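Here the structure of chain R is known, so what remains is to put chain Z in place on it, guided by the hints.
So the protein sequences, as listed, match chains R and Z. Per numbering that gives the first Met the number 0, the very first residue in the first sequence carries number 0; after that it's consecutive. Per numbering that gives the first Met the number 0, the very first residue in the second sequence carries number 0; after that it's consecutive.
Keep in mind that the hints were calculated from the coordinates and are not lab data. Treat the numbers as computed from the prediction; the structure is a model and nothing was measured. Beta carbons: idealized from backbone N, C-alpha and C, even for Gly.
Pairwise CB distance ranges, derived in the manner of DEER restraints:
hint : chain 1 : residue 1 : chain 2 : residue 2 : range
1    : R       : PRO85     : Z       : ILE145    : 53 to 63 angstroms
2    : Z       : ASP78     : R       : SER23     : 28 to 38 angstroms
3    : Z       : ASP43     : R       : MET88     : 17 to 27 angstroms
4    : R       : ALA67     : Z       : GLU180    : 48 to 58 angstroms
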Amino acid sequence: MFPEPWAAEAFAMTVHLHENGLFSWSEWAEALSIEVHRPGRAEDGSDYFDCWVAALSGLLVAKGIADAGVILALQSAWQRAAEATPHGMPIELGNDPLR
Amino acid sequence: MHDDHDHHHHDHHGHDHHHDNRYSDMQARVRALETVLSEKGLIDPGAIDAIVEAYETKIGPRNGAHVVAKAWTDPDFADWLKRDATAAIASLGYTGRQGEHMRALFNTPETHNLVVCTLCSCYPWSVLGLPPVWYKAPAYRSRAVIDPRGVLAEFGVTLPEEKKIRVWDSTAELRYLVIPERPEGTEGLAEEELAGLVSRDAMIGSAIAGAAS
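In isolation and in its complexed conformation, chain Z is listed as follows:
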């Protein structure tokens, strides 16, 4: 478990009295749930620690960037990704913990794809880690569907008027990964260098690859 022992600031004179610990309601609620579940033998603290560590250190947008860069450089992999994204992504070692299916959305010169979850915040965790705060905010969840072009403009992405925008609403069973268009002038780059051009937002569709996000 984390050491979430409260460390209050010492006062200016360094006196060490009256340093109460406090748990917020949320901290105490989580402790309470842990207590109940441990007493019933339903959680293993080691497994909980391992999950937290994986999400803090190993699972994040670099996984998705690897998928995108491979799709850009390996046409067979790109085909597989189009046909069966779940299996293609799993072949790189990124598998969803919730048994969800993945679908890859390829941006083209004609169509830009944008992902949202209007229901709650379903998100392709295995390839993008945890969602950014704006993805979970009610404003994005409602406006992405109603006014995607306006939302994209707020992200600094202005698309030609003739370019179609498709908005995809994620569910618990189906998550989306946007495969952005490969930036021009990157023909000579290796897969690893290409992955460095792919931001988290580009794989949600709120940015384009190779541009500052």
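The shape of chain R in the complex, shown without the other chains:
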């Protein structure tokens, strides 16, 4: 089914946002198609959900819902937060030492 939990979440977020009318499914298919057809994608389709996440990020930026710089900054913040969180504790964004 889903290779990893983040893939399931990305999938569900997309379905949810579409149901709430943020974009049409054709807009989504177009965004996904662009990512899937980028040079260097895996021949076996194993990076399919990477494409999915890239398409969702791109569409949110194109729609003015999210800012590309903000997404990247938050991505780094979550990675720092994960590394700063002791094993066994829930990872929270507030654990980022730079926040």
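Chain Z only, in chain R's frame:
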């Protein structure tokens, strides 16, 4: 949300120090998108969980197999499926979330149908769940159109030369469900038993019903 907290293997001596958590770029990117969308009030975590759970437990090829078995046993339903697959399938409780239309492709002794999405990976999720990895791979997406007979042979399906193969390219608006031919010798079987003969691949057209896939 999922508990995707990283669980690293403990070392052989069971010492409990230096067990860092790490987020891959993709994990962190998804978290970042969730953060942005939550802050704007655009996602409801409960709804996200419900969607994930539905796709992991309720929505899958058994839905499609139910449609096929009903078409095999109920001629009125089969007619409806031919005329208006979207409505016929919805009558069984399987509705697409993307507002897409469904079309049922009936395999016959003369014609075999095979479904692909050359654009990306459009797929009839409501009846088949999530697509298999090979369906999303560039190799299948390009070769299914150019050499369907060769692709089918690789799936272990060898069709008589005189049998025509039609390849259908899915779109965001139109998805296809292959209705395989009912296997011979199944006249006495009930709908539920028949559904057990219908594999996911048979409903994509990369297998035939009642045969090991």
